[in-house]
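With chain U held as given, fit chain B onto it using these hints.
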Amino acid sequence: MDKTQAEDNIKLIRQIMDRSARYTSFSGASGVIAGMLALLGCAATYWIAYNLSEDRQILPYVLTWVAVLLLALLQDFALAYRKAARHGESLFAPATFQVIKAVLPGIFVALVLSIRALTLGELDAIPAIWTLGYGAAVYAAGMYTVREVRIFGIIQLVTGAVGLFFFSQFDYSLYLLAVSFGLYHIVYGLWMTRKYGW
Amino acid sequence: MSGPLKLDEVIHQSTRLAIMSHLAAVGETDFLTVKRLLGLSDGNISVHTGLLEKSGYIETEKSFVGKKTRTTYRLTPAGRRAFRQYVAALETVLKGSADGGG
Chain U
12 MDKTQAEDNI KLIRQIMDRS ARYTSFSGAS GVIAGMLALL GCAATYWIAY NLSEDRQILP
72 YVLTWVAVLL LALLQDFALA YRKAARHGES LFAPATFQVI KAVLPGIFVA LVLSIRALTL
132 GELDAIPAIW TLGYGAAVYA AGMYTVREVR IFGIIQLVTG AVGLFFFSQF DYSLYLLAVS
192 FGLYHIVYGL WMTRKYGW
Chain B
2 MSGPLKLDEV IHQSTRLAIM SHLAAVGETD FLTVKRLLGL SDGNISVHTG LLEKSGYIET
62 EKSFVGKKTR TTYRLTPAGR RAFRQYVAAL ETVLKGSADG GG
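Residue numbers (the working numbering), protein chains in the order written: chain U, 12 to 209; chain B, 2 to 103.
With the rest of the complex left out, here is chain U (with noise of 0.2 Å):
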């Protein structure tokens, strides 16, 4: 045995242990919580939709959409976090950077995007527009994990893309919203805790 093989092997245990730990670390769970947030903020939505006057919504959107997404990686970290810790693991290994590099690009398009809807007035089209940007980073992210991750983001790429063209009134971007981020999550959710635990 030589130092390059014990080198190389060294590098392939702290591969695979790293990957390991990341692969444990999504959580079922925190797809369904996560769900179950997205259904509270199209609630939310639909009352200032119907509630408050037009010229005084776009506030109340971004807040509750914001608020959403916060407390949906918040509780995704905090999940995430705890199970990685369960198994003697830490969160902070470098998969977990590399996850995070490639989910940006599909954030960051859906952002840009939905920005110029909004100076356009296009408030519609804004859901099938989060849709794809996350579905393009659900699939990114897919590349460091389990299969079933890839699926999930490639399901709400065809979501999206049907949803801009066919569902842009907002009653019916409102029920995407509620299928893509609600309904999908959770049954992914559940999915993924039936085959890899909680």
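It is worth saying that the hints were derived from the structure and are not from the lab. There may be inaccurate statements among the hints.
With a straight-line cut-off of 16 Å between C-alpha atoms, the simulated EDC-like cross-links for lysine to aspartate or glutamate are [what the hints assert, rightly or not]:
| # | chain 1 | residue 1 | chain 2 | residue 2 |
| --- | --- | --- | --- | --- |
| 1 | B | Lys96 | U | Asp19 |
| 2 | B | Lys36 | U | Glu159 |
| 3 | B | Lys7 | U | Asp13 |
Taking CB as the label site, the calculated pair distances span [to be verified]:
| # | chain 1 | residue 1 | chain 2 | residue 2 | range |
| --- | --- | --- | --- | --- | --- |
| 4 | B | Glu62 | U | Arg158 | 21 to 29 Å |
| 5 | U | Asp13 | B | Lys68 | 43 to 51 Å |
| 6 | U | Ile111 | B | Lys68 | 37 to 45 Å |
| 7 | U | Leu201 | B | Lys96 | 43 to 51 Å |
| 8 | U | Leu129 | B | Leu33 | 43 to 51 Å |
| 9 | U | Glu65 | B | Glu29 | 49 to 57 Å |
| 10 | B | Gln86 | U | Thr15 | 17 to 25 Å |
| 11 | U | Gln26 | B | Thr77 | 22 to 30 Å |
| 12 | B | Gly67 | U | Leu70 | 47 to 55 Å |
| 13 | B | Gln14 | U | Phe108 | 26 to 34 Å |
Here the structure is a predicted model, which means the values were calculated and not measured. For every residue, glycine included, the Cβ atom is placed at its ideal position computed from N, Cα and C.
Chain B alone, transformed into the frame defined by chain U:
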């Protein structure tokens, strides 16, 4: 270090090293996870987990989920110890070379 360095042959083989590294990280895993994460064939997994079990490094458990069997692998204390010793041995090789040895 005196005498020739002895590496644990059970762990040293690359497929078994991969399985052991995965188990060292997660403690417990199952057949499908090993297959997907490490990209191993069914036969390969059976052969190597069988050997690891015979050496007392892992425990295998078969259970039923619905109509499908689910095979679970768990790292034993002896397995964890052996894995640690193997990693320590690798580090010794690295250190030895850095000091100018072969």
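**Asked** For the pair Gln26 (chain U) and Thr77 (chain B), does the Cβ-Cβ distance stay inside 22 to 30 Å?
**Response** At 24 Å between Cβs, range holds.
**Item:** Glu65 (chain U) paired with Glu29 (chain B), Cβ distance criterion 49 to 57 Å
**Value:** holds, 56 Å
**Restraint check for Lys36 (chain B) with Glu159 (chain U), where alpha carbons must lie at most 16 Å apart** = holds, 14 Å
**Message:** Given the hint of 17 to 25 Å, is the C-beta distance from Gln86 (chain B) to Thr15 (chain U) inside that range or not?
**Reply:** Once the Cβ atoms are compared, 21 Å apart, the range 17 to 25 Å for Thr15 (chain U) and Gln86 (chain B) holds.
**Supplied distance hint 43 to 51 Å, evaluated on CB atoms of Leu129 (chain U) and Leu33 (chain B)** = holds, 44 Å
**Message:** The hint says 37 to 45 Å between Ile111 (chain U) and Lys68 (chain B); measuring C-beta to C-beta, is that right?
**Reply:** At 39 Å between Cβs, range holds.
**Message:** If I claimed the Cβ atoms of Gln14 (chain B) and Phe108 (chain U) lie 26 to 34 Å apart, would that claim hold in this structure?
**Reply:** holds, 32 Å
**Asked** Between Lys96 (chain B) and Asp19 (chain U), is the straight-line Cα distance small enough, at 16 Å or below?
**Response** At roughly 14 Å apart (the allowed maximum being 16 Å), Asp19 (chain U) and Lys96 (chain B) satisfy the hint.
**Prompt:** Does 21 to 29 Å hold as the CB distance between Glu62 (chain B) and Arg158 (chain U), or does it fail?
**Reply:** holds, 25 Å
**Request:** Kindly confirm whether 43 to 51 Å is satisfied by the beta carbon distance between Leu201 (chain U) and Lys96 (chain B).
**Result:** Check passed, 49 Å falls within 43 to 51 Å.
**Message:** Given the hint of 47 to 55 Å, is the C-beta distance from Gly67 (chain B) to Leu70 (chain U) inside that range or not?
**Reply:** Because 50 Å falls inside the window, the suggested range holds.
**Prompt:** Measuring from beta carbon to beta carbon, are Asp13 (chain U) and Lys68 (chain B) in 43 to 51 Å?
**Reply:** For Lys68 (chain B) against Asp13 (chain U), whose Cβ atoms are near 50 Å apart, the range 43 to 51 Å holds.
Of the numbered hints listed earlier, not one is contradicted by the structure.
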